[in-house]
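Protein chains in written order, with the working numbering: chain G, 539 to 919; chain D, 25 to 420; chain Y, 441 to 772.
Misleading hints may appear alongside valid ones.
Residues from chain G shown here face chain D by an in silico Cβ test under 8 angstroms; the list is partial [said to hold, decoys possible]:
1. 620
2. 623
3. 824
4. 828
For the record, the hints were derived by calculation from the structure and aren't laboratory data.
Cβ coordinates follow ideal geometry from the N, Cα and C atoms, glycine included.
Here is what each chain is made of, one letter per residue.
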Amino acid sequence: MPASLASGLIPYALGVSDEGVNVSGPAGPPEPAHWAGTAPLRLVAPDGTPVGDTDVGLSPEQLRDLLRRMIVARRLDSECIALQRQGELTVYPGFEGQEAAQIGSALALGPDDFVFPTFRELAAAMVRGVDAVQYLHYHRGTWHGGPYDPRATGFGPICIPIATQIAHAVGHALGQKLDALDACTLAYFGDGATSEGDFHEAANMAGVFGVPLVLFCQNNGWAISVPATQQTAGEIWRRAQGYGFPGVRVDGNDVLAVYAATRDAVARAREGEGPTLIEALTYRIGAHSTADDAGRYRDDHEVDAARAFDPIGRYRTWLLSEGHADQGFVTACEQEADAFAMEVRAGVIATAAPPVEWMFDWTFAAPTEAFQRMRDEALGE
Amino acid sequence: MAERIFAMPDLGEGLEEGEIVAWLVAEGDTVELNQPLVEIETAKATVEVPSPFSGVIERLHGAAGVVVAVGAPLVTFQVAGASEPDGVATPRTAAASPDQPFVERRAGGAGGAGATGAATPPVRRLAKDLGVDIGTVEGSGPGGRVLETDVRRLAGRAAEGPQDAQAVTLGEDLGLERVEIDPVRRAIAATLTAQAAIPQVTTFRTTDCTELQRYRKELGVSPLPVVVAALCRIVEGHPLLNARWAGDHIELRGKVNVGIAVDTDRGLVVPVLQDAARRTVTDLAAQITRLATGARAGKLTLDDIAPTPTIAVSNTGSYGSEAGTPILSPGTSVTLGLGVIAPRALVVDGEVQARPASTLSLTFDHRVVDGAGAGAALTDLVALLQSGEGLRDLAG
Amino acid sequence: MSEQAPASDVREWTLSGALNQALRDSLAEDPRLLVFGEDVGRSGGVFRVTDGLQAEFGPDRVFDTPISEAGIAGTAVGLAFAGWRSVIEFEFDAFSYPALEQVIDHVAKMRERVRGRVDLPITIRIPSFGGIRGKEHHGESPETYYVHTAGLKVVVPSSALDGYTLLRHAIADPDPVVILEPKARYWSKETGVLGDGPGIGVGRVLRDGDDAAIVTYGAMVATCLEAAESLAGDGVHARVVDLRSLSPLDDGLLATCAMETGRIIVVHEAPRTLGMAAEVATRVMELAFDHLQAPVGRVTGYDVPYPPASLEARYRPSVERIRTAVLQAVNY
């Protein structure tokens, strides 16, 4: 086994220290507690200065696109919270703070790849081409999982039972391998999911079968009210070694680092080299969902401190300082984001309950006579 | 401008209400979409609610401290235009529950059990098909359960077998079947047997009921109460009708208690109409109806059956009988039977006419009343019933 | 056992062998069918039901997994998204429980969740029920959990030839099917030709009779047939019905039996409360209330944890208990 794999790190051209180093320096703002430990892969520092090789193979237009998407996503997230407060959505789990982790990773996937998400990946869903209003059906209570077509978008249904989607991703990747496709599968999950048995079983099977799978953990520091430091005693990325494949720790709020790490993991998978576990360190700025009162267990100061590591601010600074974009571009993105939010608002409000027949129409591909009778009786036919 | 009402939303998974902590706007303010509107405290958290519309605040429904139920009006806006593309019409409450309230079926639908027991489904079905009220069937199965044979018996049909022609059988096999009798029937039988020992004779008289019918229709009653009233009047002149044989003497009674014979499912019942001579015809009619209905429903009181009848009347015409030989009621010497009132050919003024007519049957205890006496009483009774003037003289 | 005479000949089959042949024929017909689970590949299954399949079809199509029941079920779901059909096995009844979350939350619901854009053609094979004097957790009757989960179909074979038919139907079904195989009957024999037969949702009458109808499935079918034979000696002619399909139930057959006999006795090993007898009794009442001559009888396991081997015979319905129940109904 190559030395880099034995140490559990994907070989990168930059030096990554095994000692816990706070890259922003001793005088900088305190990092989120769960970021302690092995220094993550980082290309752009929290203050926007480059600290690694930021040439990740993206054109200036693509680099601008990253910022645009993050700005639009964040704006949509806050609109969804407002919609919930206005009674238009039932419960909405926000992703503020995790834009880079989702968008950076999703953009590294190709059209033949497939994603199995949790319930918090609206930003990644939009990258994959899922219509936001359709996605939000789930939170409007008009359908489970969203009515979007998973096969057309390469984005699976919203999954609530924690970690169960990871096993689905293993199966899908196995299917891709059996068909010898030049493609891979990516599973999103959080820090909490790594405690579930399904994570372990799926990761173990992924290693045994050597499937083309990217296991992407957004360690956002919180599983509802349980901090990541209480969720597990070890570092999540290190578990990969136990399963026989590489793991890497990355600054999940550094969109370029996220993109690079995912790009490499995707390449490994497509080349038949098996799974990779990526632990993306990020922070959940908002509450677990609109039904959660984070003030009961989390200090506002901690959240404020975490904003110093915000993905959008630092990337905007870097992008502008590199000359890939100007303030005019940023303003245009913000205006686009506002308009988009209004469009989604209108779409959500216009979404009505489906016909009651739909409750029966998709349970079975081959409904039995008994099922049909029940359906007819229920519908008064 | 159009008025839009923003109702209190469900701010978190099934909440029912929220308390207004503080308004962040005032009535009359112009606000923008998503501008912070109000702080609401729920059971879970204090939450800032953004404005669902751009427009003018017309009314705030409640001051700080007021608790507003989910779905109740929170803010009334005046918004531009008739239909707003943005904003909220009436905010939805928590996802509507499709559950209908589950209505419990009441047990025991179509058939209560028999008086003492239950019945299996096929027996209930049979009873229903045969038009038998299973509640009236005495069950002979275990625990009083009603069996198929019980039902068929009550329906009066043969137990089993095809109804079409069968081969004639000869010999001693009579196809016997034992029918059990209940205590009521047993008691009635004993009484009737005792009564059969009395020497009783029946005499008959045909009555032209034209005046009777006219009079009774004026009063809006049936013929029977009129006949009872007439009989009471006749008794005044023929006291032996209201007497009884007392073994070594005849006992006359001043009060007239008329026993009214009523046929019921359980047998012949004779409730007593007390002090009939002092009642009006209308009152007699009401009493008779009450007694007859009560007898059939098994709901007579002690007052109805305990008193001794002094004379009895049997309305045999009610089941179509023209004349009969009514049996004496215990403790009486006379029972009057009223036959069916139907058109007959009578000779009136030398001509045959169709008139409503009835045959009165008077059974009498020959130890108390003799034939001449009975005949005389009947003559007077018939004369009274045939006299319009006489009938109207009866207390109406 | 793959070097037998061709399956089209009349020959003696064990249930295990017939199921093995069903898998073989399905694998041959559908190149996108996979068979996987614990010990199914190299060793051919603890009951030999997958014997010889890996050698014949290769380790890409028939393979062993780590001990990960939830992972196995989840993998089958993901494979369905990638257009593959799966037959998975949970080695014993109680070992299917770790996968219940995946089966109930995803296998049963995924198609409705994605509005039919993905089919879940997954067959879940579970050696089930008691009668092998097994250790704890090796004799359970888990059918209620699966029948009660909307979105699944559930079948139970009772004999070799019908086992072939049912498993073939299950695999061909585009929907998820749980097949509970009576392990006590794996070595039972039946002579005949393997072939097509009634599908899912259809029961069968194995013995005619008009005095009462004994309704059952799985390993209890043989016991009920024994009881019926014994009752015939006493002049009571009991019909024996093999449900074959627990979800959906064959309502038509249940109604016919109730109308023609008026007396229904349901027999199953599973504990009494909320076992299949409860559902069958209610259906019979709904369909044929006026025809019932006696209450629907139940002969079932008790509401206790499945006992050790030494007490097993006192727990599972016996010929004597079944006889008693039938006679009670007849003499009601």
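Against the structure, the hints:
no.	hint	result
1	620	holds (4 angstroms)
2	623	holds (5 angstroms)
3	824	violated (13 angstroms)
4	828	holds (6 angstroms)
Hint check: a violation occurs at hint 3 only; the rest are consistent with the structure.
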